[in-house]
Every structure is written in C-alpha cells, then in structure tokens.
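**Student:** Here are the chains, one letter per residue:
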Amino acid sequence: MCTHHHNKNYSRRDFLTKTSLGMGALSMASMLDPLGVFAKDKGGLAPSFNGGGALGQPHFTPRVKRVIYLFQSGAPSQIDLFDYKPLLNKLNGQDIPESVLGGQRLTGMTAGQASFPLAGTIFNFKQHGESGAWMSDLMPHTSKIVDELCFIKSMYTEAINHDPAITFLQTGSQLPGRPSIGSWVSYGLGSDNRNLPEFVVLVTKGKMGQPLYARLWGNGFLPSQHQGVQFRSGKDPVLYLTNPPGVDGHGRRDQLDHLQKLQQMNHEDIGDPEILARMAQYEMAFRMQTSVPEIMDTSDEPDHIYEMYGEDSRKPGTFAANCLLARRLAERDVKFIQLYHQGWDQHGDLPNAIRVQCKDTDQPTAALISDLKQRGMLEDTLVIWGGEFGRTNYSQGQLTADNFGRDHHPKCFTIFMAGAGIKKGLTLGATDDFGYNVVQRPVHVHDFQATLMHLLGVDHERLTFKFQGRRYRLTDVHGEVVKEILA
Amino acid sequence: MIALDFSTFLGRFHPVIVHLPIGFLLLAIVFEWLQKRKEATSYHSLVSTAWFLGALSAILAAFCGWLLANGGDYPESELFWHRWLGVGLAVAATVGWWIKREPGNYSKVIHKLLSAGIVLILVLEGHLGGNITHGEDYLVEYAPEPLKGLFSKEKPENEYPSLSDVDTVLIYPQMVYPILESKCVACHNNKEQRGGLNMEDLVAFQEGGDNGPVIAAGNPLESELFRRVTLSPSSEKYMPPRGEPLSYNEIQVLHWWISQGADPEKVLNPKEVQEGVKPVLLGLYQLDTEIKPWYASVSLEPLDSLNLNKIRENGFSIKSLGAENNLLDLKFSGDSLTAENLAVLGEASEHITWLSLAGSNVQDDWLEPVAAFTNLTRLQLEKTSITDAGVSKLQGLEHLEALNLYGTQVTDDAMESIAALPALKRVYLWGTKVSPKAINELKQSNTDLEVIGGINGQ
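As you go down the protein sequences, you meet chains Y and L in turn.
Heads up: the first sequence runs through residues 1 to 487, numbered per my numbering.
Heads up: the second sequence runs through residues 1001 to 1458, numbered per my numbering.
With the rest of the complex left out, here is chain L (with noise of 0.2 angstroms):
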C-alpha cells in the first residue's frame, strides 16, 4: 500500500515534467534548423545538450506517466496509445542524442526523418494527454461554428436504446446495466477490475469488489455503489474519478432498481413504478409507464353498422372514442327505456366502453346484461331509482373504473357489492341512503378506491 502510495506520488509529477521534453525537443529541432542556416558550429554544442535534456526529461516524464498509470484512476483503453507513444517517444529521444553526438556520421535524410518524427510524436501524444486530462471536447469547445463542426462528433441525443414496449423490459440489462456500461465498465470489466470489482459480468458484480458486495438489494443508501456515485465530486471515492458523472436521471435509475430489490431478471411492471421516476424513464428510455385507461388497451375491430343501427332504433346515442378506438360511448337520455332495449346492448357487449342511463327509468333487474359489458369502463345510473338489488347485477365489471350512483335509492348494503368490483376508482353516493359510517369504512377498505359523498354532508 506504501508502496503503491510512493509511486502514485512521484506518478503525479507526470503532468509536470511532460512539458520538459515538449520544449527540449523542439528546441533542440529549431537550434539545429538554425546551425545549418547560419552555418554557424557555435550552435553545435547547444543542439547535442537541448537533444540530451530532451531525452532525459522524456524518459523521466514517460517512467512517472507508467506509475500514474498504474494509480488506477485512468481507464486502460483510452491510455493504450498514449503510453505507448510516449515511450515511443523517450526511445526516439534517445536514439536522436545518440546521433547528434556525431551529426556527420548519418546521412541528411535520416535527420530530416528525426526531426519529422519527433514533432508528429510530441503534436500527437500531447493532443492524447490533453484529452485524457480535460476530456476531449476541451480543445474545440468554443471554436468557431464551422471549425467545430470539422472536429466534434455529432452527440447522440440519447445514449440508451429507446425500449417502445412497455410489456416486454428487463429491468437490469436494458435499463440499469446501460447505465452502468456506459459510466462504470470501462475500469471494472472482465480484463480489468479496479477495487476488485467486475461489473461487465452479472456473477462477478454481485460479488462485489475488494470490500464486499457494492449493493445492499432493497437499500440503496447502504449500498456502497450508490453511496459511490452520490458523493460530493471532489471526494476522492467519487465514481467515476474521471469523465461525465452520472446524470440526475441515471442515479434516479440505480436508486429504483435498488430499493425494489436489485434484482437482475425483474420484468417492468408499470404498476409499480412510483410517480417520481416515471419522467425519469421517459427521458432515458422514451418508456412511457404511465398506465394507461382500460379503454386505451383493447383492441377491437369495428362494430357492423348494422348493430349500430339496431343499438340507436332502440333509443341510445352513440358515439365512438375517436378514430383510433372502436369502443364506444352510448347514452339513453330519457324515461322511455324498457328492459328489451338494454338487451340489444348485448350485440355490442364487448365495445361498450361507456355507459350513461342517468335520469332514465331504468329498473334493476334490467341491468343483468350489463354485467356482460367485459370492457365497460364507466357506468352512469345517478338519478335513477336503482336500489343495492341492481348494484349486485355489476358483478363481474372487471374493467369498471367509475361508478355513478349519486341521488338513487342505494344504501349501506350496496357497500359489499362496491367493494367486490376490482378495478373501481370512483364511485359516487352523494344524495343516497348511504349512511357516512359505511362511505368511511369503504373509504378504509379500499386506499384505491375514492368514495365521493356530498360537499357540505347532504
């Protein structure tokens, strides 16, 4: 660990000594340049000591750089070419002190090809440690318009695949590990595992690293690689140490996963996601979670219009849902319904959607065929004498969302009947016999459920 402390140390001189050869070396080129354009041998010795500094402090910068690079806080596969040039560099240094030495001895070409070689290697290697130190959109961020557009690539708008199916997601490999791939991987993969942790194999990040596992399943602030990435960025345990952080959103994301468990095969089940992070996986993803209306999930192919014609003889208006729904929306305004008339409603028993018989005479053994309506979302009786006998017909409404029974005849018994209706949301009993002890005890029965009474308790 001393010793790792040591030569992470002297490592961290390598930004310092780098600008040595830099100029050594340059200098030495342009020395040169100018000892053959005077023809001048005053500059003779100048040129070998410039050649001799210059290899020296190249060597120096290249053996610190190796030791920063072995600190750990630089991901492998942007370092490849740097460090290889640089030694490249240190030899090529070197080899050319050895030559000025006895300048006469080697041809013209091969100093030209010396000195070439040496600029492109010092343009090119510190162009790489300018972009590994200040990211690579540094050198050209404000530039002009059109120059920029000769360098920077073009962002990707999103970096994460946008998942279109809600049904079909994986919470783990197509949100999370992304997330992870694109911020994490790059030091702690199959090849390479800072801290001793692997996170390009499942089996291997579940582990953990050096100390343990980094995720505590249901307790993202207890798991160290939340509590990793949530630090304050100059900490010296920030993840990651270098790069683009993670986003609000992506933090979001792993604090989610977490918390419901961190399981790595959990299906996406819209139901369960709270509101707070439904905004989140629409930014990231396009994943639109928000749940849908029963009646924006089925599809059906078209009424014939002949039912339609029979449906509206019998005395209903119809309307449609709109042209990319065939459900439909029927009323029956009036006090001239008959029990025939809601039969016919049963040719259409699937695309009822919505139904109104508010203010009608309609008894309650006429409801029975409602009851076979599978898609009925909303039924209107208020203003009817409807009693707890036709409540009990709606068994079997899986679908039924909101309930109208405002000013009927319905009372403290019709409660069980509500209560056994499983997808219901709101049901109305203002103006009813129902007493306010049984809308609370419904109201305590069911969180889900909003059970709407009188405003001012009549």
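So that you can see chain Y by itself, here it is in the shape it has in the complex (with noise of 0.2 angstroms):
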C-alpha cells in the first residue's frame, strides 16, 4: 500500500499562491532592494508590533481599542424608546397616507392586513440631559446617561426579516458565509491577551424569540482560529475546555505537546494552512483552561457593583450578568465582545413584551457605560447597542387603546453608541414626522460597519482577503465613514 501519496490536501490555490506568487514576490523585493530582502525590520517596525494581526499595524491611529456590543436581536420598537413621534399619537388609528408609505417592500406578516392604522406611542418621551436627548420612560436608567451616548436615528438596513437583516448587519452581507465583524477585527488587529480569545460572545440564557445561529460569530472564510468563542453560564462557559476525568494539567500539556510536532510534520508535508489554525486553537483551548474560570468567576465583585448592574447580575447568564462579564472581559483586553439578547420582535401585545424586555437591559446598559467609565476605560472602549432593523409606525394586528404590535421595518432604527472616539451627546440623523423614512443624514449599515472599522483605526477598504478569486472585505463595495459622530 503506498501511504505516501502526492499532496492532494494541499489545495491548487494554495500551492499556486505559495510557490508562484511567494517566489515571484521574492525575486521582485530582491531586485528592488537588493540588501533589504532579509534585513530584520524590513517595512520600518511593522513586523515586530502587536499580537500577530494581518495588518501589522493599524491603518491609522486606534480611537478605540475594543468593542462591546448589546446586539438587541429581534429588533427594539424605535418609536416606543428613542424616536418621539406626536404626529403619530394626534393621527392615532388613521391609516397611514399612500405617499408615506411610498410602496414599501412589506413582511407577509402585513401584506395582505386591509389597513395600516397609525400608532402612537403609549410611553411618556422626556428630553434628558443637557444634549436633551429623547428618550420614553422605559429607560429611566439609560435616560440618566444620555449625556454619555451619541444616538443615531437615520439608521437603515436592505433586509426585512430577521435573519438576513442580522445577518447583514453582522457580516456585511444578508447571505450567511461572510466572516463577522469580530472575526474581520481579530483577522486584521490580532490579539491583546494570548490567553484569551480576541472575539468572545455572551447570549442571554432562556430568551425566546428569533433564533441565533452560531454563523452569526463565524470566521466565514477567514482562518478559523478568528471565529468568535461562546462563553456560557453554568459549569462548562466554554463547551470541551476542562480535561476528561483522570487527566491532569500536566499530561494535558504533555499530550499537546507531542500532538504539536505531529500537527507541524503535517503541516510540513501537506502544507494546508487550517493546520496551523487547529495547532493555534489547541493552544488558545489549554490558555484558556485557567484565563476562563478567571473572568466567569465574578465573586471578587464588590455587592455596590451587583446593586448597580441590578440584582439579575448575580444570575449567570442574564443580559445584566453578561454585561457584567463583558466589563471582565475588556478589562483584560479581549478586543470584540459581541452579547445577543433576544425577545425583541414584537409583532403583537408590543406594550407588555418590550416592559420586559427594558426591564432586562436598561438598567445593565447603564452601567455597564458608567462602571467603564469610572474605571477610565472610555478611553479606549466602544459600547454599542441596537438591533437588525426597526419597527412599523402602524399597527400589525387590532390597534386598541392600551395594546398593539408593530412590523418589521428597513427605513429607519436607531441605535447608540458611548466611548472612545465619538462625540458625546450627539444626535445625528432625523426621520420624518411619521417616524417612516430618513429625512436627514441617513445611515447605511455598510457606513456603520465602516465607522465601526474606522474607530479601530482600519481603513475598511484595505482590510481584505481573498477568497475564490476575489478579494472580499467586511463592507463589500461600500460604505462611508461617518465623520459627524467623530470625536
């Protein structure tokens, strides 16, 4: 039996890339730069810098060096917490005028409802503030903070159903396969603790609502070692990491080892480079045997601590515990933390189901903003919170005078940011007075993504890899800065 066989793992592109491509590349810096090809610090001090990112160094100067963000799955209801809309409240139950609507794609959900009625807000909006944000009374602690935020009304997405919408939002496009915005970040900046991973997500435990699919935090077609790490509640925070009974530590490190130069001959003699993402995994897994149990084992904080991200905080896998975890995390400088909280998709009995869901996040929220910025990790730390898209000014189903529901809708949500790099107290954008379409400044989610990377001192349209052919990026073949809400 011949066991020795031609390289048939080691792709035709991958050969191609390393010999032709490798070579030719080569021979060009030789000609060019005869004596520099292997000076040591060739390219100034790019090489030597930081934890091994496929940029080297940032494209310009970070503003921000980690991000958290409150994904609100499900979409919250815009008009019921940030966008006050009286127009909406004086026309309640009219339907709404043909030209608003303007022939707007609907869900089958609504498309076939006979009419469209208009519904106001039932919560009470306040200004807050000296930047006089608005914001309704579900949110009285997030309310006490605006000062902090920079809320941006005119956001807008292409899709109108959950997954695609998620989907886009996470990856830049609304089919599943790209790499996650974590994933890009972890691709392009590397790692600022070896013993954590660079791309960590907390789901809230026990939410019902739209599904959430591990695609969401994947590397696509990145390298695998940059797909986002799930940290759960309860005994096992990352599934397989403890050793099998009867192992200890050290025959654990023992086994690694010898398994090391096994993967590396394979390496050697296939040459496939998701070799090397496996030997980084089993090395990141052993880290993480120690770094783990460190960040989930929260009882070295203080009780004004707990009291302050609210009495859900001491209930491992709440949105509030998580919040909690996710401050852990960035104090030890994890760069994406990426929470899912679900239940926000209210099609019907709207006034009830987003009481419930406030009652989870708002308080959280808050402080998790506060406790970093006491701790002086503003500085450098992005907090983000929105959903996929935002909710119809009518109702979806009987509008009656204490209950409705409320649609999917594309045109408008908003979503706030606090930290680094933005300005603080800012509103940027506006609806129209039906609270339905963008009348100022809007927001594309490829330009979010864009600012996001900016902020991260990427330029987006140079974070690239090649993939079939192609050199793909987070934001396909647009989006723009938008250079208003920097600081």
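Simulated from the structure, these hints should not be mistaken for lab results.
No residue lacks a Cβ here, since even glycine has one placed at the ideal position from N, Cα and C.
Hints may contain errors.
Sample of chain Y residues facing chain L (criterion: CB under 7 angstroms; computed from the structure) [what the hints assert, rightly or not]: (1) 57; (2) 58; (3) 59; (4) 60; (5) 61; (6) 374; (7) 375; (8) 376; (9) 379; (10) 457.
From these two lone chains plus the hints, build me the complex, please.
**Tutor:** This is how it looks when you write it as structure tokens:
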C-alpha cells in the first residue's frame, strides 16, 4: 500500500499562491532592494508590533481598542424608545397615507392587512441631560446617562426579515458565509491578550425569540481561529474545555506538545493552512483552561457593583450578568465582545413585551457604560446598543387603547453608542414626522460598519481577504465613514 | 433727494417701455419685407410710421434706462454693454427713420445692413437686459440636458480657495474678504461707492459709508453690514439688492469675525473657533479646525528596533499608533515590574504617548523617568499602590490629557499636583481616598478638566 501520496490536501490555489507568487514576490523584492530583503526590520517597525494581526499595525491611530456590542436581537421599537413622534399620537388609528408608505416591500405578516392604522406610542417621552436627547420612560437608567451617548436615528438596512438582516449587520452580506465583524477585527488586528480569544460571544440564557446561529459569529472564509468563542453560563463556560476525568494539567500539556509535533509534521507534509489554525486553537484552549474560570468567577466583585448592574447580575446567563462579564473581558483586553439579547420581535402585545425587555436590559446597559467610565475605560472602549432593523409606525393586528403590535421596518431605526472616539451627547440624523422614512443624514449598515472599523484604526477598504478569486471585505464595495460622529 | 426719487420713478418705466422698440422695429422690418415682396406702395406710410414709433420708443427706453441705472441698484460692471448698446439702438433707429422717409435715395445694401444691424442689436440688448433682471441662468435653467451643456458654465464646487494649513490663516484677507469680494465689492469698490461705502480698500471700509462705520467690532447685531445682509430679502435695504444673497455659511463667517473684534490682521487660532463655526469653515474653505489630539500633531522618526527590542525584553508590550504615526503605546501587565524596567523607557522618552502600568506593582519613586516623556498624553496608573508622592513626580508632563488614578492610594493632597498639569482634560479618581469636597474644588478650579469620581458615590 502506498502511504506517501502526492499532495492531495494542498489545494491547487494554495500551491500556486505559495510557489509562484511567493517566489515572484521574493525576487521582485530583491530586485527593488537587493540588500534589504533579508533585513530584520524591513518595512519600518511593522512586523515587530502587536499580536499577529494581518495588518501588522493599524492603518491609522485607533481611537478604540475594544468593542462591546450589545446586540438587541429581534429589532427594538425605535418609536417607543427613542424616536419621539407626537404626530403619530395625533393621527392615532388613522390609516398611514399612501405617500408615506411609498410602495415599501412589506413582510408576509402584514402584507395582507386590510388597513395600516398609525399607532402612536403609549409611553411618555422626555428630554434628558444637557444634550436634550429624547427617551421614553421605558429606560429610566439609560435616560440618566444620555450625555455619554451618541444616537444615530437615521440607520437603515436592506433586509426585511430577521435572519438576513442580522446576518447583514454582522457580516456585511444578507447571505450566510461571510466573516462577522468580530472575526475581521481579530484577523486584522490580532490579540492583546494571548490567554483569551480576541472575539467572545455571550448570549442571554433562556430567552425566546428569533433564533441565533453560531454562524453569526463565524469566521466565514477567514482562518478558523478568528471565529467568536461563545462563553456559556454554568459549569462549562466553554464547551469541552475542561480535562476529561483522570487527566491532569501536566498530562494535557504533555499530550499537546506531542500533538503539536505531529501537526507540525503534517503541515510540513501537506501545507494546509487550516492545520496552523487548529494548532493555534489547541494552544488557546489550553491557556483558556486557567483564564476562563478566572473571568467567569465574579465572586470578587463587590456588592455595590452587583447593585449597580441590578439584582439579575447575580444570576449567571442573564443580560445583566453578561454585561458584567463583558466589562471583565474588556478589562483583560478582549478586542471584540458581542452580547446577544433576544426577544425584541414584538409583532403583538408590544407594550407588555417591551416593558419586560427594558427591565432586562436598561439598568445593565447604563451600569456597564457608567462602570467603564469610572474605571477610565471609555478612553478606549466603544459600547454599541442596537438591533437589526426598526419597527413600523402602524399597528400589526388590532390597535386598541393600550395594546398594539409593530411589524419589521427596514427604512429607519435607532442605535446608540458610547465611548471612545465619538461625540458625546450627539444625535445624528432624523426621520420624518411619521417616523417612517429618513429625512436627514441616512446611515446605511455598511456606513456603520465602515465607521466602526475606522474607530479601530482600520480603513475598511484596505482590510481584505482573497477568497474564490476575489478580494472580500466587510463592507463589500460600499460604506462611507460617518465623520459627523467622530470626536 | 427728491430729484433722485423722481428720476428713479421715471427710470422704473424702463422695463415697461423696452418692449415697445422691440415690437415697433421688428414690425417695421416685416412691413418693409412685405412691401418689397408684394411690390405694393400702400405699405410705404406704414413702414415709415413704424420706424418713427420705433425710434421714439427706443430713445424713451434708453432715457428711462439711464435714469434707472443711476438709481444705483445695478453694478456698473454688468451694465456697461447694456447701457451703450441701448444708446446705440436709439441712434440706429433714429438713423433708420431718417433713411426710410426717402428710401429711394439710398442703396439696397444700406437698407439690408440697417435691418440686419437693428435685429442683431435687439437680440443682444434684450438678452443682456434679461440677464440683469432674471439672472444669467434663467434662460437655459430648464433646457434639456445636452442643450444646457452648451450654454451654462460649469459652476465651481466651492467659490473660495481651499485653506489647507490651519496654522497660517489670516481671517480677514483669506476668509472674510473673499466673501465681500464675491457679494459686495461689485458696487462698493475704488471706482464706485454706493452709499459712500468702499469695501475694496481696507482703510475706506473701516471708515464706513455715508452713515458712518458699518461694523461695530464685537457686536454683529449692531453692525450695519451684518444687519443689511440679514434683513428680510423683500426689504428695500436688504443687501445685496440683486444677485445671489449671502449663504448661511457666509453670514456665519461675518458674524464670527465681527463678534471676535473684526480685527483685519487677526490670525486664525483653532482653539478659539466655537463648535458651531467649525463645520462652516470646513464647508466654505475645506479648513479643518477640529483640535487634533497632541499625539496626532507630533512627527518623529520611528524608534530604532534595537531600542524596541530592549523595551520588549523588559516586559512591556508595544503597539504603534498606526502606519501614519511613529508614537508608541506601551503596557506592562503583571506584578514583576522593577525600577530598572521603567528606567529603560528613557530610551523612548519622546516616542511614548500612551503608557499603562495599570494593576502593576509600580512604586512612587519609580515614576521619576516618566516625567521626561515629553509626548505622553495618556497615563494609566489605576489599581496600583501609587500615592500622592507618585503623582507629584509627574510634574513637567506638558501634554498629558488623561490620567487614570482609580483604585490608588491618592488623597486630597494630590489635587495640587493634578491641577498643575497644564493640558490635563480627564482625571479618574474613583476608589481613591480623595474626598468629594476636594473633587468639587478641583472641578471648580479648572472647568476644562473632567474629574471622574465614582458613579454611585463609592
């Protein structure tokens, strides 16, 4: 039996890239700079910096070193939370004018509805802080810190249903398969703490609602060590991380060392880059055996911190507990921390459901931002709060005096941010009096992504990865940095 | 004054009367052509009557036009050709009337030249008059695209020169005067001073017009210049009386210049530009007056890689501030720091702009070399055992903007050292021994300094 076969796992593409381009580039470089090719610090200082990101160093000075993205899955109703529209209360129950609707594509859930009665919010709005930002009384805690926040009221997207919309926001494409924002950040900028992954995901436990898939934090076509690592509540925060019964740390280290040698031989033989990714992940897992329990054990947090985040923060797996964990991860320089909180998809019974959601999220969100501030971490941390699209200004189903529902609305929604590099107390953009269309400074999902990368010091047009013959980037061929919000 | 009013009254009949010579003279030419074609003599008296009326109305129109131009609402630069073509038309029409009385005495060529000349002058003169009244774009504004391209001039994106270097801008000559030049100087210049005001010459401009100075330094609302451009456009005193009004941005620039003293020699200082004015200057002159963080304004050669390695060997992690900036972001993690480790940083004293010793075992005395980091803008000492003595070592950090002392042993006595840091914008004092009273006093002593204590009073 012939065991030594030709390089069948070494893909044609990898082979060609490594041989032709590799040698070509080398000879090209030696022609341009015959003495410099093998010099150690070629290209200035770039190669000797930071934790192995593909960029070597950021394109420009990063204002933000890490991001905490509080993703509100299901799409919170901007009309009941941030975007105050008194006209809707005046016209409550009347049909939405055709001129406002403007032939918008509707979801299957309301497309067949005989009428579209405008539904004013039943919650009280007030202006808060020195910046005078409008907030409804659903978020009393966040209302107190509006001067730290920057609202974008003119976000819009292209998808009208959850899965494509959330995939679009997280990966820049409505179709699955592209790397998510956190993976791009990890790939481009590398790690600031080699004991923890660059990209960590925390999902609120036990929430119902639109499903979340691991591909939302997937690496797509990037090397697989850049995928998000989900930390769960309970005994095993990261699945399969603990040693099996009977194996101690010493034995595991020994085992890994030998495995590394075998993998190395395998790589020299086959040359598949995924072998390197696998080796990196084994090593990361080993280091996480000590770093993760230390992160997850919040018993060293004083009582006043728990009180600040709310009583829920003592229950592992809640949004509050995850916010607290997010801060701990940020303190340890994890670059991209993504929280998901489901349950905002309020097609019916919105008033009651949104109260529950706000009770879950309002206090922890405000506490997280305040806590980061008092620790000086808003100097270089960015917090983002928002969903995948907005909700309609008309009621889905019957509109009564104290109950209604709202369908998906891609044409406008509100997000807010706090922290480094952005203007505090700013409200950017505006919607029309019906809260239906954007009338001032529209911000597309790709613009938002471009701005996020800009804050991290990355030119979104220059962080690319070649796959299937074409260079891909997070914003595909779109996206403009929203300069107005940059401090 | 009364005489001027009366002449303006007459002058305003110009737009009414101008239509008469156009009609009469064209009619005269048509009659003449008909007469020749049908060889009918019965047209003869009609032709000479039409020429007579044409000449008479042309003279009247020119006369009224002259009076109207003297009324002062129109800049001479736009008027010249209209004025003299109008006079020329009146002369030509009169000559025509004279000739047509005895047409047989003159050769055919003269008749043809005269007709052609009259038509040409009418077209040109009518067009120029239309431009003055309705604006130059009026005629082809709604023309189909290809046609429009032939006539309309490409309007420049920005009328004012871009000012790229924020350090060397003179506000009056480079920002204010270009606005005056484009909107006012056509009627207020060295040759022509409507209302006695000359804006082309600085000394004359400062002297003002017939009613005295037009600028009250420091007080835009009391300044005649500002008042005139912000009146209701329907007001008779609104400036400019014709043509493009001043844009919002231009008015903002005038307001800003006058309110800070209307000094013609003042140099732009980005620190004095209020938030609201920044986007205006960016829009009009592409001038970015956002104050850059100190680290963005420093340009240095990259630090030698031998030094970098040495620093790394001493336990620091090093990051650059991106490809366009050679300053460094250093961090020490863990509790194995020594005074020697910190002393090594002296090799990079100019390059370090962000330094974090957070959570380390740093001691007060070891901070001595840090004071020499000339470009240090952010220093993190939180969660260490630093005391007031350590903070007092930081004197001399001229560009330090953020100082994190949360969770240290700092007390009220450190407030003096903190207040003495000239560029400090944010200081974090949560979880220290500093009293709320001292925090308040520090806040009051420097309103530009944000003092961050605990959120829930801890």
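**Student:** Please check whether residue 61 of chain Y passes as an interface residue: C-beta within 7 angstroms of a C-beta belonging to chain L.
**Tutor:** Hint holds; residue 61 of chain Y Cβ to chain L Cβ min 4 angstroms, cut 7 angstroms.
**Student:** Once the shortest beta carbon distance from residue 457 of chain Y to chain L is found, is it less than 7 angstroms?
**Tutor:** 5 angstroms, holds
**Student:** Let me know if the C-beta of residue 379 of chain Y comes in closer than 7 angstroms to any C-beta of chain L, holds or violated.
**Tutor:** Hint on residue 379 of chain Y: holds, closest Cβ of chain L at ~6 angstroms, below 7 angstroms.
**Student:** So, as I understand it, the hint says residue 374 of chain Y touches chain L; can you test that by seeing if any CB pair is closer than 7 angstroms?
**Tutor:** 4 angstroms, holds
**Student:** Are residue 375 of chain Y and chain L close enough, Cβ to Cβ, to be under 7 angstroms, as the hint says?
**Tutor:** 6 angstroms, holds
**Student:** Regarding the hint that residue 376 of chain Y lies at the interface with chain L, is the smallest CB-CB distance below 7 angstroms?
**Tutor:** 4 angstroms, holds
**Student:** Under the criterion of a CB-CB separation shorter than 7 angstroms, is residue 58 of chain Y in contact with chain L as hinted?
**Tutor:** With a closest approach of 4 angstroms, the residue 58 of chain Y hint holds.
**Student:** Verify the interface restraint on residue 60 of chain Y: the C-beta must sit less than 7 angstroms from at least one C-beta of chain L.
**Tutor:** 4 angstroms, holds
**Student:** Minimum Cβ distance from residue 57 of chain Y to chain L below 7 angstroms?
**Tutor:** 5 angstroms, holds
**Student:** Taking 7 angstroms as the limit, does the beta-carbon of residue 59 of chain Y come near enough to a beta-carbon in chain L?
**Tutor:** This hint holds: residue 59 of chain Y lies near chain L, its Cβ roughly 6 angstroms from the closest one there, short of 7 angstroms.
Consistency note: the structure conflicts with none of the earlier hints.
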